[in-house]
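Trainee: Here's the letter readout for the chains.
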Amino acid sequence: MRRHRILIVEDSPTMRQLLVFALKRIQGAEIVEARDGMDGLRKVTSDHFDLALVDINMPVMDGLKLIHLIRDEESLKAMPIVVITTEGADEDRERAMALGADEYLTKPVQAGKVLAVVKGLLKV
Amino acid sequence: MSQKDSDLFERASEFLAMFRRGAEFTRELVEENARLRRQQLEFETRQNDAAQDPKEWDRLREELVDRIQGLESEHQDALERLGALEQENRSFAERFLQIEEENNNLANLYVASFQLHSTLDLQEVVRIVVEIVINLVGAEVLCVFALDERTNRLEPVAAEGRERSSFGSVRLGEGSIGAAVEQGEIVYRENLTESAPDDPLVCIPLCVGEKPIGAIALFGLLVQKERFTPLDHELFTLLGGHAATAMLAAQLHGQSERKLNTMQGLIELLTK
Numbered sequence: 001m002r003r004h005r006i007l008i009v010e011d012s013p014t015m016r017q018l019l020v021f022a023l024k025r026i027q028g029a030e031i032v033e034a035r036d037g038m039d040g041l042r043k044v045t046s047d048h049f050d051l052a053l054v055d056i057n058m059p060v061m062d063g064l065k066l067i068h069l070i071r072d073e074e075s076l077k078a079m080p081i082v083v084i085t086t087e088g089a090d091e092d093r094e095r096a097m098a099l100g101a102d103e104y105l106t107k108p109v110q111a112g113k114v115l116a117v118v119k120g121l122l123k124v
Numbered sequence: 125m126s127q128k129d130s131d132l133f134e135r136a137s138e139f140l141a142m143f144r145r146g147a148e149f150t151r152e153l154v155e156e157n158a159r160l161r162r163q164q165l166e167f168e169t170r171q172n173d174a175a176q177d178p179k180e181w182d183r184l185r186e187e188l189v190d191r192i193q194g195l196e197s198e199h200q201d202a203l204e205r206l207g208a209l210e211q212e213n214r215s216f217a218e219r220f221l222q223i224e225e226e227n228n229n230l231a232n233l234y235v236a237s238f239q240l241h242s243t244l245d246l247q248e249v250v251r252i253v254v255e256i257v258i259n260l261v262g263a264e265v266l267c268v269f270a271l272d273e274r275t276n277r278l279e280p281v282a283a284e285g286r287e288r289s290s291f292g293s294v295r296l297g298e299g300s301i302g303a304a305v306e307q308g309e310i311v312y313r314e315n316l317t318e319s320a321p322d323d324p325l326v327c328i329p330l331c332v333g334e335k336p337i338g339a340i341a342l343f344g345l346l347v348q349k350e351r352f353t354p355l356d357h358e359l360f361t362l363l364g365g366h367a368a369t370a371m372l373a374a375q376l377h378g379q380s381e382r383k384l385n386t387m388q389g390l391i392e393l394l395t396k
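Residue numbers (my numbering), protein chains in the order written: chain B, 1 to 124; chain D, 125 to 396.
Isolated chain B (complex conformation) (with noise of 0.2 Å):
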């Protein structure tokens, strides 16, 4: 059974729990939690993720710095990245897809639709 290896990238730890809650479900999955956009670029890049979850708005660095660091690393073109944010503003999604982003999805978010489309990038 292949391990599909997957980065959250969220300060609040009441999204965290919620979002390893709904991935916990796809089989074989190895959840990494990151607290904010520096601590995930420390560990995207310094391990192999399949997919990376992306909030905005957090302290330190913040997603779309992330994802246009991700972006710029050749060997990360490829990884799947999902934003979930509170921004659901037509601009904020257009500037995050620009910058690389595959899935923009907006807080209050149902587990159930994180999974789906986690599911769906990950072709599982």
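The hints are simulated quantities; they were obtained by calculation from the structure and are not laboratory data. Everything numeric in this text was worked out from a predicted model, so none of it was measured. One should not assume that every hint holds.
Below, a sample of chain D positions facing chain B; criterion: calculated Cβ distance under 7 Å [what the hints assert, rightly or not]:
hint, residue
1, 228
2, 231
3, 255
4, 256
5, 259
6, 262
7, 346
8, 347
9, 348
Virtual Cβ for every residue (Gly too), placed ideally from N, Cα, C.
Fit chain D to the supplied structure of chain B, relying on the hints for placement.
Mentor: Using the frame of chain B, we list chain D on its own:
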């Protein structure tokens, strides 16, 4: 015997075996042919008899009509069974979606409850309350009030979307926030779309039993949040009880910590 002779015998035996199989197959074909001829003859005889004898013809026709009716009835049964199975399938799919939704809602409620009781630090509890209301409900502007028992006023202790100082303190029983806390009931603004920055969309009183602790007032929702969902109402009820318990526990813990420190300081002073 030379190798050449041996090969020759082997090939001859193979040829003989093949010939026998061919013979056997031909015999089977002849038998099948004979059987089919007999059957054809039988049918022709019945057909001729029927053509000459109207009774036999009627009997044959009745047999065929019965057979057709039987097949039609079987076909109808099969269609009905298929319809019932499709209906069952649809209701299973609907039930699955309902359970999926309930599961997701329970996940939200579990996470909210887990987080609220994960600390005994009052500031941390209040931060978690704000986080839950933003992330799980989708509020943009909110304020958490704590009841000051000496003055009987609700004082803002945390805010999001606006400066905390912009939310004034509220006397218990006054306005929608004060009334909600005094009555211990969640109060919703009638018109959610109407812009009224100082009138909360919803006010959730925080009570432990009958004892009021404070309130959470939501003044604005995120752009993508159009209305409250059934899950939001569940979350409000959960927050009303669990956030209040968590805040009271944290307050009591803080007080006991302070008392302990004072007593320890006093003991140290006396024993020196």
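Trainee: Does each hint hold? Answer for all of them.
Mentor: We went through each hint and held it up to the structure:
| no. | hint | verdict |
| --- | --- | --- |
| 1 | 228 | holds (5 Å) |
| 2 | 231 | holds (5 Å) |
| 3 | 255 | holds (5 Å) |
| 4 | 256 | holds (6 Å) |
| 5 | 259 | holds (5 Å) |
| 6 | 262 | holds (4 Å) |
| 7 | 346 | holds (6 Å) |
| 8 | 347 | holds (4 Å) |
| 9 | 348 | holds (3 Å) |
Checked against the numbered hints listed earlier, the structure breaks none of them; every hint is satisfied.
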